[in-house]
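Go by the hints and put chain X onto chain B.
Here the protein sequences line up with chains B and X, keeping their order.
Sequential numbering from 8 applies to the first sequence in this note's numbering.
Sequential numbering from 4 applies to the second sequence in this note's numbering.
A few of these clues could be false.
[What the hints assert, rightly or not] Computed list of lysine-lysine pairs in DSBU-like fashion (alpha-carbon distance at most 30 Å, straight line):
| id | chain 1 | residue 1 | chain 2 | residue 2 |
| --- | --- | --- | --- | --- |
| 1 | X | 106 | B | 90 |
| 2 | X | 72 | B | 90 |
| 3 | B | 64 | X | 6 |
| 4 | B | 49 | B | 90 |
| 5 | B | 49 | X | 72 |
| 6 | B | 85 | X | 106 |
| 7 | X | 109 | X | 6 |
| 8 | X | 72 | X | 106 |
| 9 | X | 106 | B | 49 |
| 10 | B | 64 | B | 90 |
| 11 | B | 64 | B | 49 |
| 12 | X | 6 | B | 49 |
| 13 | B | 85 | B | 49 |
| 14 | X | 6 | X | 72 |
| 15 | X | 106 | B | 64 |
| 16 | X | 109 | X | 72 |
| 17 | X | 6 | X | 106 |
| 18 | X | 72 | B | 85 |
[Stated by the list, open to error] Coverage of chain X stretches by chain B, computed from C-beta distances (three or more under 8 Å per stretch; other residues unrestricted):
| id | segment |
| --- | --- |
| 19 | 26-32 |
| 20 | 55-66 |
| 21 | 102-109 |
Don't read these hints as lab results, they were simulated from the structure.
Built from N, CA and C at the ideal position, the CB exists for glycine as well.
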Amino acid sequence: EPEVTQTPSHQVTQMGQEVILRCVPISNHLYFYWYRQILGQKVEFLVSFYNNEISEKSEIFDDQFSVERPDGSNFTLKIRSTKLEDSAMYFCASSDRSGTSYEQYFGPGTRLTVT
Amino acid sequence: DAKTTQPNSMESNEEEPVHLPCNHSTISGTDYIHWYRQLPSQGPEYVIHGLTSNVNNRMASLAIAEDRKSSTLILHRATLRDAAVYYCILRGAGGSEKLVFGKGMKLTVNP
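This is chain B alone, in the form it adopts within the complex:
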């Protein structure tokens, strides 16, 4: 069964450093998302992406964050200058269609630890 994959599984970085989290969505999917989950808290939406453009973003997704689909398979989340409060699990998701009657498929996540 096709699945969303994410690399690395765990990333440790120092405050102020740039990190890139990588995702390979399901191959025929066109809609891509990033969510994050701080330890012990809810899963929070960050951004949605379609047709090489951000279609929606949350208040969390400020100028320090960016997303890119550099080729036909990868979808990346970049944090330019990490802060301690960026420590969280980051989940990538994809969907083959838009709309509220369609499901999103999530990857296993990348645990980001900022020291």
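Structure of chain X alone, referenced to chain B:
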């Protein structure tokens, strides 16, 4: 998105059916009811969704009340692998693509 209310936690026994309730009294006519679950240390996983009629798939069944103000996710035969946090989420037509996760309900399955 309209709000849902779930118990904080439930326990069930392995190989027995389990009914996970969700209240959504402010649901609108075009809101879909989605269920996701999150196994320990994993990403959320889609389970099932519906609008008005009851739905079945290989993972579970979704029973929707006639007035749509509540729904029940039914796991017909719980296994240890079903131990997870279950999220009931409403998604409104014409609205945002994002999923809005609440605290969910933790299901413990006893062997």
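Hints, one by one, checked against the model:
no.	hint	in the structure
1	X:106 - B:90	holds (25 Å)
2	X:72 - B:90	violated (42 Å)
3	B:64 - X:6	holds (21 Å)
4	B:49 - B:90	holds (19 Å)
5	B:49 - X:72	holds (24 Å)
6	B:85 - X:106	holds (27 Å)
7	X:109 - X:6	holds (18 Å)
8	X:72 - X:106	holds (19 Å)
9	X:106 - B:49	holds (6 Å)
10	B:64 - B:90	holds (19 Å)
11	B:64 - B:49	holds (17 Å)
12	X:6 - B:49	holds (15 Å)
13	B:85 - B:49	holds (21 Å)
14	X:6 - X:72	holds (11 Å)
15	X:106 - B:64	holds (21 Å)
16	X:109 - X:72	holds (21 Å)
17	X:6 - X:106	holds (12 Å)
18	X:72 - B:85	violated (40 Å)
19	26-32	violated (count 0)
20	55-66	violated (count 0)
21	102-109	holds (count 5)
Of the hints listed earlier, those the structure fails to meet are numbers 2, 18, 19, 20, in rising order.
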